[in-house]
Amino acid sequence: MGRKPSDVWQGTLALMILKTLETLGEMHGYGIARRIEQTSGDRLSVNYGTLYPALLKLEQEGYVAGEWGVSEANRKARYYKLTRAGRKRLDQAAREWDQTTEIVAQFFRPGEVS
Amino acid sequence: MRSLRAWWLRLLGFFTAAARAEQFDAELQSHLDLHIDDNVRRGMSPEAARRQALIALGGAQSVRQAYHDRGTLPSLESFVQDIRIAVRMLRKAPGFTAAAVLILALGIGANSAMFSLVNAVLLRPLNGGHLGGDFVGLYSGDRTRPDRFRPFSYPEYLDIKSQNDVFNDLLAESAARPGLTENELTRRVMAGLVSSNYFSTLGVEMSVGRAFTTEEERPESASAVVVVSYPFWRQHGFIPSIIGQSITISGRPFTIVGVAPQGFNGTMPVIAPDLWLPLGAASLLTDGQNIGPSNRVVNDRSAQTLLLAGTLKRGTSAAAAESRLAAIAASLEAAYPQYNGNQRLVVHARSRVAMGPQPRSDAGPAAGAAVLMSVAGLVLLVACLNLANILMARGASRQQEIAIRLAVGGGRARIVRQLLIEGLLLSTMGGLAALLAAWWAASRVMVALTEVLPMRIFIDVSPDGRAIAAVALASILSALVFALGPAWRLSKTNLSTTLKLAAPVGATRPRRVSVPGVLVSAQVALSVALLISAGVFLRASVMAASADPGFPLEGGLIAEIDTRMAGLDEARARATYAAILDRLRTLRNVDSASVASMVPFGLSQFGRQVTHGGVRTSSTFVVIGSDYFRTLGLRVISGREFTTAEEQDAAAEPIAIIDQILAQRLFAGENPIGQSVRLSARDQADELVRIVGVVARVRDDVLQPPDAHVYVPFGRHFGGEMTLHVKTDAGAEATMLEPVKAAIQSVDSRLPVLSLKTMTAHRDATPSLWGVTFIARLFVAFGIIAAQLATAGVYGLRAYLVTQRKREIGIRIALGATRAGVIGQLLKEGAWNAATGLIAGAVFAVGLIQVLRQTGMLYDVRAIDPLVFTVAPFMLAAATAIASYLPARRALRGNPTVALRAE
Numbered sequence: 001m002g003r004k005p006s007d008v009w010q011g012t013l014a015l016m017i018l019k020t021l022e023t024l025g026e027m028h029g030y031g032i033a034r035r036i037e038q039t040s041g042d043r044l045s046v047n048y049g050t051l052y053p054a055l056l057k058l059e060q061e062g063y064v065a066g067e068w069g070v071s072e073a074n075r076k077a078r079y080y081k082l083t084r085a086g087r088k089r090l091d092q093a094a095r096e097w098d099q100t101t102e103i104v105a106q107f108f109r110p111g112e113v114s
Numbered sequence: 001m002r003s004l005r006a007w008w009l010r011l012l013g014f015f016t017a018a019a020r021a022e023q024f025d026a027e028l029q030s031h032l033d034l035h036i037d038d039n040v041r042r043g044m045s046p047e048a049a050r051r052q053a054l055i056a057l058g059g060a061q062s063v064r065q066a067y068h069d070r071g072t073l074p075s076l077e078s079f080v081q082d083i084r085i086a087v088r089m090l091r092k093a094p095g096f097t098a099a100a101v102l103i104l105a106l107g108i109g110a111n112s113a114m115f116s117l118v119n120a121v122l123l124r125p126l127n128g129g130h131l132g133g134d135f136v137g138l139y140s141g142d143r144t145r146p147d148r149f150r151p152f153s154y155p156e157y158l159d160i161k162s163q164n165d166v167f168n169d170l171l172a173e174s175a176a177r178p179g180l181t182e183n184e185l186t187r188r189v190m191a192g193l194v195s196s197n198y199f200s201t202l203g204v205e206m207s208v209g210r211a212f213t214t215e216e217e218r219p220e221s222a223s224a225v226v227v228v229s230y231p232f233w234r235q236h237g238f239i240p241s242i243i244g245q246s247i248t249i250s251g252r253p254f255t256i257v258g259v260a261p262q263g264f265n266g267t268m269p270v271i272a273p274d275l276w277l278p279l280g281a282a283s284l285l286t287d288g289q290n291i292g293p294s295n296r297v298v299n300d301r302s303a304q305t306l307l308l309a310g311t312l313k314r315g316t317s318a319a320a321a322e323s324r325l326a327a328i329a330a331s332l333e334a335a336y337p338q339y340n341g342n343q344r345l346v347v348h349a350r351s352r353v354a355m356g357p358q359p360r361s362d363a364g365p366a367a368g369a370a371v372l373m374s375v376a377g378l379v380l381l382v383a384c385l386n387l388a389n390i391l392m393a394r395g396a397s398r399q400q401e402i403a404i405r406l407a408v409g410g411g412r413a414r415i416v417r418q419l420l421i422e423g424l425l426l427s428t429m430g431g432l433a434a435l436l437a438a439w440w441a442a443s444r445v446m447v448a449l450t451e452v453l454p455m456r457i458f459i460d461v462s463p464d465g466r467a468i469a470a471v472a473l474a475s476i477l478s479a480l481v482f483a484l485g486p487a488w489r490l491s492k493t494n495l496s497t498t499l500k501l502a503a504p505v506g507a508t509r510p511r512r513v514s515v516p517g518v519l520v521s522a523q524v525a526l527s528v529a530l531l532i533s534a535g536v537f538l539r540a541s542v543m544a545a546s547a548d549p550g551f552p553l554e555g556g557l558i559a560e561i562d563t564r565m566a567g568l569d570e571a572r573a574r575a576t577y578a579a580i581l582d583r584l585r586t587l588r589n590v591d592s593a594s595v596a597s598m599v600p601f602g603l604s605q606f607g608r609q610v611t612h613g614g615v616r617t618s619s620t621f622v623v624i625g626s627d628y629f630r631t632l633g634l635r636v637i638s639g640r641e642f643t644t645a646e647e648q649d650a651a652a653e654p655i656a657i658i659d660q661i662l663a664q665r666l667f668a669g670e671n672p673i674g675q676s677v678r679l680s681a682r683d684q685a686d687e688l689v690r691i692v693g694v695v696a697r698v699r700d701d702v703l704q705p706p707d708a709h710v711y712v713p714f715g716r717h718f719g720g721e722m723t724l725h726v727k728t729d730a731g732a733e734a735t736m737l738e739p740v741k742a743a744i745q746s747v748d749s750r751l752p753v754l755s756l757k758t759m760t761a762h763r764d765a766t767p768s769l770w771g772v773t774f775i776a777r778l779f780v781a782f783g784i785i786a787a788q789l790a791t792a793g794v795y796g797l798r799a800y801l802v803t804q805r806k807r808e809i810g811i812r813i814a815l816g817a818t819r820a821g822v823i824g825q826l827l828k829e830g831a832w833n834a835a836t837g838l839i840a841g842a843v844f845a846v847g848l849i850q851v852l853r854q855t856g857m858l859y860d861v862r863a864i865d866p867l868v869f870t871v872a873p874f875m876l877a878a879a880t881a882i883a884s885y886l887p888a889r890r891a892l893r894g895n896p897t898v899a900l901r902a903e
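So the protein lines, in turn, are chains A and B.
Oh and the first sequence: position 103 is 103 in my numbering, straight run, nothing missing.
Oh and the second sequence: position 341 is 341 in my numbering, straight run, nothing missing.
Check the hints yourself; a few may be wrong.
As a list, the in silico EDC-like pairs of lysine to aspartate or glutamate whose alpha-carbon atoms are at most 16 Å apart [claimed, not checked]:
| id | chain 1 | residue 1 | chain 2 | residue 2 |
| --- | --- | --- | --- | --- |
| 1 | B | Lys161 | B | Asp142 |
| 2 | A | Lys81 | A | Glu26 |
| 3 | A | Lys57 | B | Asp69 |
| 4 | A | Lys19 | A | Glu37 |
| 5 | A | Lys76 | B | Glu22 |
| 6 | B | Lys161 | B | Glu322 |
| 7 | A | Lys76 | B | Glu322 |
| 8 | A | Lys19 | A | Glu96 |
| 9 | B | Lys92 | B | Glu401 |
| 10 | B | Lys757 | B | Glu451 |
| 11 | A | Lys81 | A | Glu61 |
| 12 | A | Lys76 | A | Glu26 |
| 13 | A | Lys76 | B | Asp37 |
| 14 | A | Lys76 | B | Asp25 |
| 15 | B | Lys757 | B | Glu560 |
| 16 | A | Lys76 | B | Asp33 |
| 17 | B | Lys741 | B | Asp582 |
| 18 | B | Lys313 | B | Asp165 |
Covered stretches of chain A, going by a simulated chain B footprint (3 or more residues, C-beta under 8 Å) [as the list claims (entries may be wrong)]:
| id | stretch |
| --- | --- |
| 19 | 27-36 |
| 20 | 54-61 |
Okay, the calculated beta carbon distance ranges per label pair [unchecked claim]:
| id | chain 1 | residue 1 | chain 2 | residue 2 | range |
| --- | --- | --- | --- | --- | --- |
| 21 | B | Ala17 | A | Phe107 | 27 to 37 Å |
| 22 | B | Arg41 | A | Ile103 | 41 to 51 Å |
| 23 | B | Arg64 | A | Ser45 | 19 to 29 Å |
| 24 | A | Trp68 | B | Leu484 | 41 to 51 Å |
| 25 | A | Leu24 | B | Asp464 | 54 to 64 Å |
| 26 | B | Pro94 | A | Trp68 | 43 to 53 Å |
| 27 | B | Lys92 | A | Ser45 | 48 to 58 Å |
| 28 | A | Phe107 | B | Ile468 | 52 to 62 Å |
| 29 | A | Phe107 | B | Ala472 | 49 to 59 Å |
Derived from the structure by calculation, the hints contain no laboratory data.
Idealized CB from N, CA, C, for every residue including glycine.
Given these sequences and hints, build the entire structure.
Put into structure tokens, the structure is as follows:
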């Protein structure tokens, strides 16, 4: 389409992080960013200036927990993983997301609104 | 929930910012390393891999800032930053800071001290209040006479307790002042006479031992058991073996069965009892006395001596309770029409200041407290206006700093906030100093008060949460008053003129009505109003102290004794009194001696209704011995005194002596001698007495005009608690204190002399005189503080204006104006502020005094006392004149050419 990879919207980034952690289990910030970009087929680019504050916010809210660990390549990195509250939040958010997209989709389906 | 947790962590994060920044740096570094590894894996050269990774990361500093902002609360950070700046500003000006804190400490301290007292008496929760605040009194009214209330009899109490369904439990109480003998010494103590469920109704558990049993409550049980207070236990070293020990109360052995818990002060207002006795002990304490209301507790409906109280059941309002209790009143009325006719049961909150059979609201004391609080508020207002002026003047020198901040893009809101925070910092320091000063001052007042009251009181003036909150509120409000105005004006600085360093000549021409000028006038006005009020109270206290009691104080000496405390019954007590009077009358230097049931200016008074020929009036009732009027020095106008026979013989003919006031009311010009009047009182049998004498009027309260008195002989009216009056040769009274005491104790060594003092000392210690003197001192202190602040304010303003006009003054002198002329001009300008303030203040004072009259202490004082209304404004006028003159003189002292060349 000729457009640059768009920045992730606020709010959905938190959801993507949670979902990514659910898929990958433990992961560091860099890995999370790469994973989001890959999953979107490089249509999204994650801004690190928003990624780390978002991770900190999730940590403050108790949805993720961070801990220092060592990567496969023997690099020290801070690994994040979902907490039980985070898992619950993700389930709830996924349901809400389904609902919202369905409603919005209704508006764009021709001929079906009244 | 989640966002609250996050907010809390961010708040805590404020303190761990440095550690978090370090950790985040490590995290960013690892991020970079991982990215570089990735890039290398994709085949980039290490050099290129590193560059690409750095580009992708973007501005590391802005990432750090974003992370930092999320880790803490940015608004808190800038707030702390403002405080740091404020601290630095204040430390740079220690003189100003000290002055401002002192001014605020005085202003807030005046309020804080007043509030400590008000809080202690009117606001702290009552005993029993912890049960949910629905602890109420039950009162017996009369449906046909709404202002008439009476206590309950014991059988009535039992009926209401068992029949009602609105109280969780209902307690009955009365009070007694028995003697407590320890180590050969007997002192009078305050005791609660209480029902067996008293402690459980109040939700109180004994520290050790037990409460009273229902058997001990039974009036005929003569139960010699006692519950002692926690302080009593402490005095005895907390010995566990105190339970079961015997103590001597009013000459009889009582067994200690329990110790009340710490902090429990019973249910009497302000007074803390030392002991509690069961209702069944009342019969052990009373003698045959028939002077005042007895505290007889007997199983007889005519003996109405008990006060009832209890906690209402949850969800029951006072009104609902009253309508349920009406049915009980109706059934009591049907069963006992003689005692319960027209009975109305009233549920009402208990008073914090008075204890009695009638329900009382504390609106009167609350209004008085509000008046005193507002007067203290005026002092704080003067302090704030003063400080506002100082800040404005200081602001003039800070205008450049502020202009620079505005010029480089500082927001006006941020600057106002900065100045407000400086103000808050000052008022917080002032408030803390005030809190300590007020605690000290209020404790001193309490100590002074205990000296005039003969019992243990528990007015706790130590700062509690409420007092601290009040000081915090006063600090914040005063910061708003003194800092907001100057902050607003200063931040309105006109950039272009201020940044050019000096103001042009003539730009500072003073306007007659300027904001600082109005502030100074307001200070003068408020402080002159306070000084005038102080003067009025001083007049009142002087008049009270010099009020003619109706008899000379010189040579008078009084000793209070109570034969019940030595356990004497009526016959032995009478013999003892006769022997003591005999002994006293033969002492050297003693002119005469007598005995009376009350002393003028004393704390207790008993009354009787006096009826004659259809006229009914109430009168003070005094039981006296022979020679009483000669001993007191009160003139017998017609008829005679009582004889020694009448002093001693219980079967003598019933006679009385009345004073002029009663004679006027009942006989209006007719000769009262030989006539008969009827004396009646609730709880006593009526008595028809023949009048044998008329005496001069006597004053019982320094703040009230003399009232009617009826005197009856000691022979027919016995009481164990009497005061011995002794008249010594003029000037010898102070030296006779010891011989009088020795004479009393030579008759019965166990008999405690409860108080022994000269009549003059007694009058000086009377509570109403103490009260008016205390208020006068308080107002003088407030007035002086305010006047000093106002004078300093005038000085500050004049000094500032004169400094600003140095050049103008220099030009005038250079052009040939005389020094006197210039000083006159400057003084005239200052006089205008002072004069408007003085006039406004005097007018305000007239209104203020009308309000202060509500305290009932300004008896006999004119609303506009010419002396006070002259002296107080004159003092302040002189002070402000000096305050205006000094800066003017200083301005002229320098060489005018120096001022002219200054730029």
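Now for the hints, and whether the structure bears them out:
| no. | hint | result |
| --- | --- | --- |
| 1 | Lys161(B) x Asp142(B) | 20 Å, violated |
| 2 | Lys81(A) x Glu26(A) | 5 Å, holds |
| 3 | Lys57(A) x Asp69(B) | 11 Å, holds |
| 4 | Lys19(A) x Glu37(A) | 13 Å, holds |
| 5 | Lys76(A) x Glu22(B) | 15 Å, holds |
| 6 | Lys161(B) x Glu322(B) | 14 Å, holds |
| 7 | Lys76(A) x Glu322(B) | 78 Å, violated |
| 8 | Lys19(A) x Glu96(A) | 14 Å, holds |
| 9 | Lys92(B) x Glu401(B) | 14 Å, holds |
| 10 | Lys757(B) x Glu451(B) | 14 Å, holds |
| 11 | Lys81(A) x Glu61(A) | 13 Å, holds |
| 12 | Lys76(A) x Glu26(A) | 14 Å, holds |
| 13 | Lys76(A) x Asp37(B) | 13 Å, holds |
| 14 | Lys76(A) x Asp25(B) | 13 Å, holds |
| 15 | Lys757(B) x Glu560(B) | 9 Å, holds |
| 16 | Lys76(A) x Asp33(B) | 9 Å, holds |
| 17 | Lys741(B) x Asp582(B) | 14 Å, holds |
| 18 | Lys313(B) x Asp165(B) | 8 Å, holds |
| 19 | 27-36 | holds (count 5) |
| 20 | 54-61 | holds (count 4) |
| 21 | Ala17(B) x Phe107(A): 27 to 37 Å | 46 Å, violated |
| 22 | Arg41(B) x Ile103(A): 41 to 51 Å | 44 Å, holds |
| 23 | Arg64(B) x Ser45(A): 19 to 29 Å | 20 Å, holds |
| 24 | Trp68(A) x Leu484(B): 41 to 51 Å | 50 Å, holds |
| 25 | Leu24(A) x Asp464(B): 54 to 64 Å | 57 Å, holds |
| 26 | Pro94(B) x Trp68(A): 43 to 53 Å | 49 Å, holds |
| 27 | Lys92(B) x Ser45(A): 48 to 58 Å | 51 Å, holds |
| 28 | Phe107(A) x Ile468(B): 52 to 62 Å | 59 Å, holds |
| 29 | Phe107(A) x Ala472(B): 49 to 59 Å | 55 Å, holds |
Consistency note: the structure conflicts with the earlier hints numbered 1, 7 and 21.
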